[in-house]
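Let the sequences and hints guide you as you build the complete structure.
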Amino acid sequence: MKVLLVAEYREKQLLETTYELATFADKLEAEKVWFAAGYKDNLPKVAGKIYLADAEKYGEFNPDVHKKLILQVVEKENPDYIVFIHSSYGWDLAPRIAAALKIGQVSEVVEVSDGQFVVPSCNAKLRRFVKPNTDKGVITIQAGAFPPAEPNGEPEVEEISIDLESNIEFVGYEEAEAKTVDLTKAEIIVSAGRGVGKPDNIPVIEELAKAFGGELGASRPVVDAGWVDHSRQVGTTGQTVAPKLYVACGISGAIQHLAGMKKSEFVLAINTDKDAPIGEVADVLVVADVMQFVPALTEKVKSLKG
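Residues in the sequence shown are numbered consecutively from -14, following the numbering used here.
These are computed hints drawn from the structure, not numbers from a lab.
Hints are not guaranteed to be accurate.
Said to hold, decoys possible - Below are the DSS-like pairs computed for lysine-lysine, each with C-alpha atoms no more than 30 Å apart in a straight line:
1) K229 to K183
2) K52 to K(-13)
3) K290 to K170
4) K229 to K248
5) K259 to K195
As the list claims (entries may be wrong) - Computed spacing ranges between beta-carbons, pair by pair:
6) E62 to G89: 15 to 21 Å
7) S73 to G100: 26 to 32 Å
8) E150 to K(-3): 20 to 26 Å
9) K25 to D258: 46 to 52 Å
10) R(-5) to G138: 18 to 24 Å
Using N, Cα and C, we set each Cβ at its ideal position, and we do this for glycine too.
What follows is the structure, given as structure tokens:
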């Protein structure tokens, strides 16, 4: 089996998620070939062949042009799978490639099991085992689902080019709106998930955060429901954090959330479900009703602080 792995750059920097593609390929026990619209002085540190298109000429993001470049590589290498990170870049390009080649696509893969791809469903409450109906396929993998491989290797570079004809022009990146709170600097974060029950219970979680001297965080369902401001969302569509202590209150542990807090030094999870995915990354999992345990913990923390 052979896979074509598509690296991603942003503002001339190779994204760390690129190395997660290598881990995914290893799960398939596949031969790796790479494509990058990037820079000679900042190549992925990987073994094997990499087809390099000059990002100065073709842009770091131009779906029309990059599609043509990738299809050129596909014609040369005939891979079984073309693999992207499940990012804005991958979301845009993957279906274009799949449609052009008339092959199936599987999006947001979080694991490989017996030759099938595991995809979260129903807000990660369920997992589906799927595979394209076509012999070949296009895959996007969820950032954070696969640990990054160790950058180690010297690629064999083959430069590629095409006639630059496109109605799309890459003009640059736009800064996101300023956050009202920067969770990336917090040493302690106490996050509320849907398991807290209702918006009236958010102050109970916030009280624990204050007792610890930390910040309130939240999972995406809580933010989407309007219980907590988006500036406090932890996860791939929120902030990526690495506090000394992360307390997950009523958070099941969707892979998007785990990706945003997996670098926390110590994780305490409180959940009624002992089999919740958050338990796989927690240092301590308390199986209890959040609204019974958190107030008791808050009082204990306050008493210890005097």
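Consistency of beta-carbon spacing, G100 to S73, with hint 26 to 32 Å: Roughly 29 Å apart at Cβ, these two residues keep to the hinted range, so it holds.
Whether the CB-CB distance between E150 and K(-3) falls inside 20 to 26 Å: The hint (20 to 26 Å, Cβ to Cβ) holds, given that E150 and K(-3) are roughly 25 Å apart.
Range hint 15 to 21 Å (beta carbons of E62 and G89) holds or violated: The hint (15 to 21 Å, Cβ to Cβ) holds, given that E62 and G89 are roughly 19 Å apart.
Given pair status - K183, K229, alpha carbons within 30 Å: Between K229 and K183 the Cα gap is close to 28 Å, so the pair holds against 30 Å.
Pair hint K290 and K170, alpha-carbon separation not exceeding 30 Å: holds, 23 Å
Consistency of beta-carbon spacing, D258 to K25, with hint 46 to 52 Å: Because 50 Å falls inside the window, the suggested range holds.
Restraint status (C-alpha distance of K259 to K195 at most 30 Å): This hinted pair holds, its Cα atoms lying about 27 Å apart.
Assessment of proposed distance window 18 to 24 Å (beta carbons of R(-5), G138): Distance hint for R(-5), G138 holds at roughly 22 Å.
Pair hint K229 and K248, alpha-carbon separation not exceeding 30 Å: Holds. K229 to K248 sits at ~9 Å (cutoff 30 Å).
Restraint status (C-alpha distance of K52 to K(-13) at most 30 Å): holds, 19 Å
Violated hints for the displayed structure: none, as all numbered hints are satisfied.
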